[in-house]
Amino acid sequence: MSNHDNHDDPLLLDHEADGIRELDNKLPRWWVWLFNLTILFSVIYLAYYHVFAKGDLKQYGQMVAEYRAEKAIGDRLKGAAMARFESSLATVEPSKDAATLAEGRALFERNCAPCHRIDGGGLVGPNLTDDFWIHGPTFADNVRTIWNGVTEKGMLAWKDQGMKPNEVLAVASYIYTLRGAKLEKPGKPPENQVPAQTGPNEYE
Amino acid sequence: MNVETFRYDNKIVRAFAIATVVWAVVGMSAGILAATQLFWPEANLALQYITFGRVRPLHTNAVIFAFVGNGMFTGIYYSLQRLCKARMFSDFLSWFNFWGWNAIIVAAAITLPLGFTTSKEYAELEWPIDIAIAVVWVAFTINLLGTILKRRERHMYVAIWFYIATAVTVAVLHIFNSLSMPAGFLKSYPVYAGVQDALVQWWYGHNAVAFFLTTPYLGLMYYFLPKAANRPVFSYRLSIIHFWALIFVYIWAGPHHLLYTALPDWAQSLGMVFSVMLVAPSWGGMLNGLLTLRGAWDKVRQDPMLKFMVVAVTAYGMATLEGPTLAIKSVNSLSHYTDWTIAHVHTGALGWNGFLTFSVLYWLFPRLYNTKLWSTKLANYHFWIGLLGMMFYVVPMYTSGVTQGLMWKQFTDDGFMQYPNFLETVLQILPMYQLRAVGGLLYLAGVVLMAVNLYQTARSGKLVEEEEAKAAPLSAQPVHEEKKYRPHRFLEAKPVLFTALTILAILIGGLVEIVPLYLIKSNVPTIASVKPYTPLELLGRDIYIREGCVGCHSQMVRPFRSETERYGDYSKVGEFIYDHPFLWGSKRTGPDLHRVGRKYPDAWHYNHMEDPRSTSPGSVMPPYPWLLTQTLDTNVLPARIKALRKVGVPYPDGYENGDAQKDLASQQRDVVVGLSLGEVNAKPDREIIALIAYLQRLGTDIKNQSQTIAAQ
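First to last, the sequence lines map onto chains F and P.
Mapping to the working numbering: the first sequence position 171 is 188, numbers consecutive.
Mapping to the working numbering: the second sequence position 83 is 710, numbers consecutive.
Please keep in mind that the hints were generated in silico from the structure rather than gathered at the bench.
All C-beta atoms in this analysis are idealised placements derived from N, C-alpha and C, irrespective of residue type, glycine included.
Be a bit skeptical, because a hint or two may be false.
[As the list claims (entries may be wrong)] Distance condition first, Cα-Cα at most 16 Å in a straight line; then the derived EDC-like pairs of lysine to aspartate or glutamate:
(1) F:Lys181 / P:Asp1041
(2) P:Lys1158 / P:Asp1290
(3) F:Lys71 / P:Asp892
(4) F:Lys176 / P:Asp1041
[To be verified] If you anchor each label on the Cβ, the simulated ranges turn out as follows:
(5) F:Glu110 / P:Gln1257: 49 to 57 Å
(6) F:Thr108 / P:Gly1275: 55 to 63 Å
(7) F:Asp158 / P:Phe1038: 25 to 33 Å
(8) F:Pro45 / P:Lys1199: 40 to 48 Å
(9) P:Glu669 / F:Gly153: 43 to 51 Å
(10) P:Gln1037 / F:Asn53: 49 to 57 Å
(11) P:Val1142 / F:Pro45: 34 to 42 Å
(12) F:Glu110 / P:Leu674: 51 to 59 Å
(13) P:Phe1038 / F:Leu28: 57 to 65 Å
(14) F:Glu103 / P:Gln1037: 50 to 58 Å
(15) F:Pro45 / P:Ala761: 35 to 43 Å
(16) F:Gly153 / P:Thr1327: 13 to 21 Å
(17) F:Ala119 / P:Ile1147: 54 to 62 Å
Using the sequences plus the hints, can you model the full thing?
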């Protein structure tokens, strides 16, 4: 089988392989330019980021220089928001909004249940349904404990775990509803704690 | 003129062709099983052998090495004989190649579900099988070069250039990436660690795409497309330029799989710019294919074989433009670890490799059996179902990849992560996973139609086992050179020199990138507090490898605030110096695990492995109840410690003769105590204990360093 319908093509080269012929077409212009441009881009890129790198780029390299810049901006925004939240801690109140409590419940089951049990009865972490509060009985105390953690006892500082202020309020509000809950399985007993006044609880 | 009569071997071509079709069905079925588990984990039927982590490498190995591998051999064994006007060099080597290759695949299909894996992507098979691969591949290479040497056609056609590049490069890649220290039958540790292992692996992995999935198929395109269209190739000059540019540039591009990881900046930049420079050489192949069809587009309308070919070449063009785009660092920072990569590789796999294989098979069967295709209509149905399947596969994967990538990076105005819970970003894309499985099912349905069609075609004719041909020996042929291309025409008549230059072209990039990583110490700054794994952690890590956890979980936190806020400090190169193999991963179906150590209590891990939905409602991670019941095999410990010591991990001499076992038992007890704090009663000798020990160690050594500094 040969390419007999093209015998008159002036570009046809005179070699063949198993009947396959080849044309002597020039390289498409745009293709040559595409190739040249990618080479030019590469030279400029390597020169800018490596050969003639200056400042942070030279000191830290591209990745870490970019990261430091990005982190500085993000941490500033987040730091300001956290400071605003912390200054409001004295006056926070538990939410009774159903949507907020549902969000708090979801957060609790995902983040808190591994240590405090799904019903709040306590596992590694203490029982959250009784009247014994190790780190303060008020709602604000709870919020502060969740936010700052008690790292020496294994309680995480949730501000460092990506939990946002409104989420901490939601989960603390949900925990507030657990106070005095009747558990199917007995909760974890208190450990040398003095019972504290837990304050009025309309969910009881 | 002295004319010789000889016979082309069609039996070997048919054998490879049948294997191609069989493995297509097997490999794609494994793909659908894996895809289904991603939205419906129970599809593993609670069997460890077909759980996602083990099925995924089975799928990739079956479609790459079994389906495409046999497809490649089918096309090469057919076209090479005719382009050389010679029978294959050795019938023995031909059949050794066939049975050897397919026995290796059967071995893969047995060992991978059993959990024997190196965990290195597309190089998962353990060392005895690796040796078999090397032997069979060398046999193929000898058969290929031998046929070329006894050819009756003075000049090697462009398809043969690509075959040569394939044979020699795959040999180099396979051997260097597989260098490892056996620690028993079917268990080994790579000689490389951490970043070095990562770079060698992706030098291999990327060039497996280049020289296993691309160059041989370009060779097939150069033979079967002009044959079927009965048109001359568009540009001989373009063939020359794009061939040499492609094989030289391709080999440098591996580091683009490691952008923003702990790989040194300079190596990342080289990987990126060489990827960008790869667009034009790749498109040279696409242009030479599509422009060859000028004046023959009416045939494309009628001939399903050409339809498949056109879509294949177009998909190649799209994938090779997309690849360099994904290799640009800023694009990669979004796309990496997401389904975008999955979409990209399937454009290449389903479009380029799949459709080109189908095209070749539809063309070959009528010729092998001296008959007509049983049903052109059925082939057309296959074409449209296959195309629809591709769309249903690729479009949802783009959607889910971009969606999830953006969700991972989204911050609130206050600088908090918008979606701090990884699972939320998974639940968002589950509908896309369902659509993707439908796409895969459609594509497989097309393959089944093809199998029926080819079977009926074969039945309607009779195999021409030995096809007679005539040609004069080279010595009797006049030497005639076209002046215009004299240097290259000269080279095409010198196969040994040609092969030597090819090897040179493919070695340069790898050497420049890999060697400095060994010789220049500043590339891998060490961290004093990073220590080898304890015996229990080591065995836990081997379980992590066995279960294929790396298929869904990376261990590489990139230096982005969106990752350091979510996972913890970004990963440093010095943290991985004892990681044989590296387990950085390339896809996050679940969250990164590099900083998971000490993040959760032991009991959380126990409950999570027993039933992931108990700790993470809605999670698509499979349960691993067998880890809770299976006893940890500690007899393997001495061999593993010795093997690791030989590759440079500083376990004290004689540690494996008692001390290691004592340390192991004591750490087992520690984990059991840790579990009891969370009301979990576990026996110390279970596999889960080792896995928890490993997970709790991950990424924590560097924290010890900061504690030491703080204490001082």
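Tested hints:
1. Between lysine 181 (chain F) and aspartate 1041 (chain P) the CA atoms are separated by roughly 9 Å; this keeps the pair inside 16 Å, and the hint holds.
2. Between the alpha carbons of lysine 1158 (chain P) and aspartate 1290 (chain P) the distance comes to roughly 15 Å, so the proposed pair stays at or under 16 Å and holds.
3. Distance restraint check for lysine 71 (chain F) and aspartate 892 (chain P): the Cα-Cα separation of roughly 15 Å lies within the 16 Å cut-off, and the hinted pair is therefore satisfied.
4. Note on lysine 176 (chain F) and aspartate 1041 (chain P): the hinted pairing holds, with a Cα-Cα distance of about 13 Å set against a maximum of 16 Å.
5. Roughly 52 Å separates the CB atoms of glutamate 110 (chain F) and glutamine 1257 (chain P), a value that falls within the hinted 49 to 57 Å.
6. In this structure the hint that threonine 108 (chain F) and glycine 1275 (chain P) lie 55 to 63 Å apart at CB holds, the actual value being about 60 Å.
7. The hinted range of 25 to 33 Å is satisfied by aspartate 158 (chain F) and phenylalanine 1038 (chain P), whose Cβ atoms lie roughly 30 Å apart.
8. A beta carbon spacing of about 47 Å between proline 45 (chain F) and lysine 1199 (chain P) agrees with the range 40 to 48 Å that was offered as a hint.
9. At about 45 Å, the CB distance of glutamate 669 (chain P) to glycine 153 (chain F) agrees with the hint of 43 to 51 Å.
10. About 39 Å separates the C-beta atoms of glutamine 1037 (chain P) and asparagine 53 (chain F), a value inconsistent with the hinted range of 49 to 57 Å.
11. Our hint of 34 to 42 Å for valine 1142 (chain P) and proline 45 (chain F) holds, since their Cβ atoms are close to 37 Å apart.
12. The given range of 51 to 59 Å is respected by glutamate 110 (chain F) and leucine 674 (chain P), whose C-beta atoms sit roughly 53 Å from each other.
13. A hinted range of 57 to 65 Å for the beta carbons of phenylalanine 1038 (chain P) and leucine 28 (chain F) is consistent with their spacing of about 58 Å.
14. Separated by about 24 Å at the C-beta atoms, glutamate 103 (chain F) and glutamine 1037 (chain P) break the suggested range of 50 to 58 Å.
15. Judged by the Cβ atoms, the range 35 to 43 Å given for proline 45 (chain F) and alanine 761 (chain P) holds: they are separated by roughly 41 Å.
16. Restraint check, glycine 153 (chain F) to threonine 1327 (chain P): a C-beta distance of roughly 31 Å breaks the suggested window 13 to 21 Å.
17. About 56 Å separates the C-beta atoms of alanine 119 (chain F) and isoleucine 1147 (chain P), a value consistent with the hinted range of 54 to 62 Å.
Figure legend: structure checked against the earlier numbered hints; hints not met, in rising order: 10, 14, 16.
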